[in-house]
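Enquirer: Protein chains in written order, with the working numbering: chain H, 1 to 154; chain V, 155 to 239.
No lab work stands behind these hints, which were simulated from the structure alone.
Quick caveat, the model's predicted, so the values are computed rather than measured.
All C-beta atoms, glycine included, are put in the ideal place defined by N, C-alpha and C.
Check each hint, because a few of them may be wrong.
Said to hold, decoys possible - With a straight-line cut-off of 30 angstroms between C-alpha atoms, the simulated DSSO-like cross-links for lysine-lysine are:
| # | chain 1 | residue 1 | chain 2 | residue 2 |
| --- | --- | --- | --- | --- |
| 1 | V | K158 | H | K125 |
| 2 | V | K207 | V | K164 |
| 3 | V | K207 | H | K21 |
| 4 | H | K22 | H | K69 |
| 5 | H | K69 | V | K184 |
| 6 | H | K69 | H | K150 |
| 7 | H | K21 | H | K69 |
| 8 | V | K207 | V | K184 |
| 9 | H | K150 | V | K207 |
| 10 | H | K107 | H | K21 |
| 11 | H | K25 | H | K69 |
| 12 | V | K184 | V | K158 |
As the list claims (entries may be wrong) - Partial selection, computed: residues in chain V whose CB lies under 7 angstroms from chain H:
| # | residue |
| --- | --- |
| 13 | K164 |
| 14 | F169 |
| 15 | I211 |
| 16 | Q215 |
| 17 | A227 |
| 18 | T237 |
| 19 | G238 |
| 20 | G239 |
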Amino acid sequence: MSVRIQTEDFDVSQEMLALRKKNAKVGAVASFVGVVRDLNDGEDISTLELEHYPGMTERSLELIVTEAKARWDIYDALIIHRVGVLRPLDQIVLVIVTSAHRGESFKACEFLMDYLKTRAPFWKKEQTSSGERWVEARASDAEAAERWAKAQSK
Amino acid sequence: MEIKVFFFAKLREVFEIGHEVIVITDAENKVSDVLNVLRQRGDVWRRELDENKSFRIAVNQEMVSDDVFLNEADEVAFFPPVTGG
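Use the sequences and the hints to build the structure in full.
Expert: Listed below in structure tokens is the structure:
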């Protein structure tokens, strides 16, 4: 299972170990952890609530993993994304990629995050000192994903 | 034909509904036809689903544009640009 949506927290080292599966061909493990900050767009954040589209979320993430596997020579990839109410310092998202050499893992890990941010149906709502608000999509995220579409090769 | 329609995030809140069934004729079988039915309700529907608004569309859980054709019992979702990660 390479994609998980859950309310519970995750243990990065445990997940890394599980993904390597004692596969002695793995020479590189790259990971990314997204964390809730206490400040966004100049406002203090007390909680962050994550909504998603059950079914489509899993499907879109599986498609993204399949695409990464087609583009780079990687052994495996894992995406865990939390939903529900989170607080500053909480972990939100984990991406892990294994490969023989570091280049493939690094690139695939960044690609997975960039595509997740623009294609997977999650939405964040922040509770700030002046009330609640839906987080707006950033143009910089769309541009980051666009880079990979342009660079069809490695 | 009957189309299952879902709304998420800000759209779900503003419309005060998460999902509903919309009936369109067999001749009006595009996502844009469902959009027209919703827009005709006026008020927040017309405002939030305006062509200038940057909402996203998914049919059967895949992001598409509004000229996609629909079949009976298809699942259409409308939602704001995604903000996960």
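Enquirer: Hint by hint, say whether it matches the structure.
Expert: Results of checking the hints against the structure:
no. : hint              : verdict
1   : K158(V) / K125(H) : holds, 25 angstroms
2   : K207(V) / K164(V) : holds, 13 angstroms
3   : K207(V) / K21(H)  : violated, 46 angstroms
4   : K22(H) / K69(H)   : holds, 20 angstroms
5   : K69(H) / K184(V)  : violated, 34 angstroms
6   : K69(H) / K150(H)  : holds, 18 angstroms
7   : K21(H) / K69(H)   : holds, 18 angstroms
8   : K207(V) / K184(V) : holds, 19 angstroms
9   : K150(H) / K207(V) : holds, 26 angstroms
10  : K107(H) / K21(H)  : holds, 21 angstroms
11  : K25(H) / K69(H)   : holds, 16 angstroms
12  : K184(V) / K158(V) : holds, 13 angstroms
13  : K164              : holds, 5 angstroms
14  : F169              : violated, 14 angstroms
15  : I211              : violated, 11 angstroms
16  : Q215              : holds, 4 angstroms
17  : A227              : violated, 15 angstroms
18  : T237              : holds, 5 angstroms
19  : G238              : holds, 3 angstroms
20  : G239              : holds, 4 angstroms
Of the numbered hints stated above, those contradicted by the structure are hints 3, 5, 14, 15, 17, listed in ascending order.
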